[in-house]
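A.B. asks: These are the residues of each chain, in order.
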Amino acid sequence: MSKQFSSENIARLNAEILVKCGVDLKECYQCGKCSAGCSSNWMMDYRPHVIMRLAQLGQRAAILASQAIWVCTGCEICSARCPRGIDVAAVVDSFRQLAVAEDVRYGEHDIPLFHQYFLKETRDHGRVRELPLVANFKIHSEHPLSDFALGPTLLAKGKIKLVDDAKGSGVNDLQELFKLKV
Amino acid sequence: MEYAYYPGCSLHVMSSEYDVSTRAVLARLGVTLREIPDWFCCGASSAHMTDAVLTDALPAKNLALAVKVNQRIAVPCAACLHRLKKTDHKLKNDDALLKNVNESIKDNYQGNAQIKHPLEIIQDDLKTEELSEKITRPLNNLKVACYYGCLLVRPAEAAIDDAENPERLDRLMNLLGAETINWGFKVECCGAGMTLAHKESIIGLAGRILNDAILNEADCIAVACPMCHTNLDLYQDQMDLKRKVPILYFTELLGLALGLDYNSLEIDKHIVPAKGMLLEKGLV
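Protein chains in written order, with this note's numbering: chain A, 1 to 182; chain B, 1001 to 1284.
Any given hint could be a false lead.
One-sided excerpt, in silico: chain A residues whose CB lies under 10 Å from chain B [to be verified]: (1) Val71; (2) Cys72; (3) Glu76; (4) Ser94; (5) Asp110; (6) Arg127; (7) Asn172; (8) Leu174; (9) Glu176.
The hints are simulated quantities; they were obtained by calculation from the structure and are not laboratory data.
Given the structure is predicted, the values throughout are model-derived calculations rather than measurements.
Beta carbons are placed, not taken as given, at the ideal position from N, Cα and C, and that holds for glycine.
Could you build all of it, start to finish, from the sequences and the hints given here?
C.D. replies: Okay, structure coming up:
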């Protein structure tokens, strides 16, 4: 077997996931029920059971660079329906968290970027203010002008506010926990 | 009956009509809500998808602040409810984690919160007869598709109902006099936090939910989550639909049935207008 599938790589990733989210990857017998129910299976480069198989085989880099881990909405259908009781969604979360911590080149541009600006709002204001979030995210996204025309409607309906001085001061004690890149 | 109230960011501006209607119906039913003064964002999807520490720290700190107001906490947003309950479940069952998290949040949460969705408060704390006595405008002739989405029903430790065939909303709507439809998309995902981040997800996922509701001739969809509401309501113009479907919070329908004033419920804040349909049904 090639070095890529070495028993060291396999053992190392299995141990890492077990520590991170308590899932024993060996439990998965590849029935594919997670992928059958997955909300976002139609958009994914690797569907959930493929992620699980790649993980069993120690293919860490391929998963971290995948687009699938980002388009997963976190609906948890995969975990709820797994006949082996595996929390597949927690495995996907673990890989997303590793991709962020290790600053890999993401397989998706906008979604991880959105999460950064969302948490920036949380860190800096305690409460997420819609307009600054939309503005910051859109400027840096791959589709800066999409749905620009929705802006006036949302303002008129009061769905976004021009000035929002919301402050959730409970977040003040947690400042040093945020490791954001923005 | 009194609860600490955690509205969450969505209810602060974007979905303030859900906040308004939740407060109004609970007040009408004799439940007092006391807003947690320094509450902040639970981290929603963005924390657990990117950072293991924030995943539990943000909900835990909010729980610590909440129990200072009341151990019973009301959380109308399904996403906030899901995050708070998942973290709470972990902390209640892992003393070492509780100690670690308390150090990181500089607080002393004891794992003593009881977290409830308003639907549970209405159905479990109040007697059915008490509620039915207060109905002054039954929702007769209204066909409702009850949509539960993901985060109210999964996983078991955070769920308020069955994961595959939940019935809480249907029971409430039936009690109010509405007919509820049988359909296939009660617990399918609407796209959750992808509203801005990945519109393709919403167009596809919310679109198929709306199409099934239309196929089953629903007058409207009832929801109990601000993210579900936004995803189903916001982009209908851009979807391939036979007609538009008004999306209503269950608290708005309950408010109408309880005889609350239409304007006070701020239903006109929705993108897809509901007023025409409600007028036609004699509910305004």
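A.B. asks: Taking the hints in turn, state whether each one holds.
C.D. replies: Going down the list of hints, with the structure as the test:
no., hint, in the structure
1, Val71, "6 Å, holds"
2, Cys72, "8 Å, holds"
3, Glu76, "4 Å, holds"
4, Ser94, "8 Å, holds"
5, Asp110, "6 Å, holds"
6, Arg127, "5 Å, holds"
7, Asn172, "9 Å, holds"
8, Leu174, "6 Å, holds"
9, Glu176, "9 Å, holds"
Violated hints for the displayed structure: none, as all numbered hints are satisfied.
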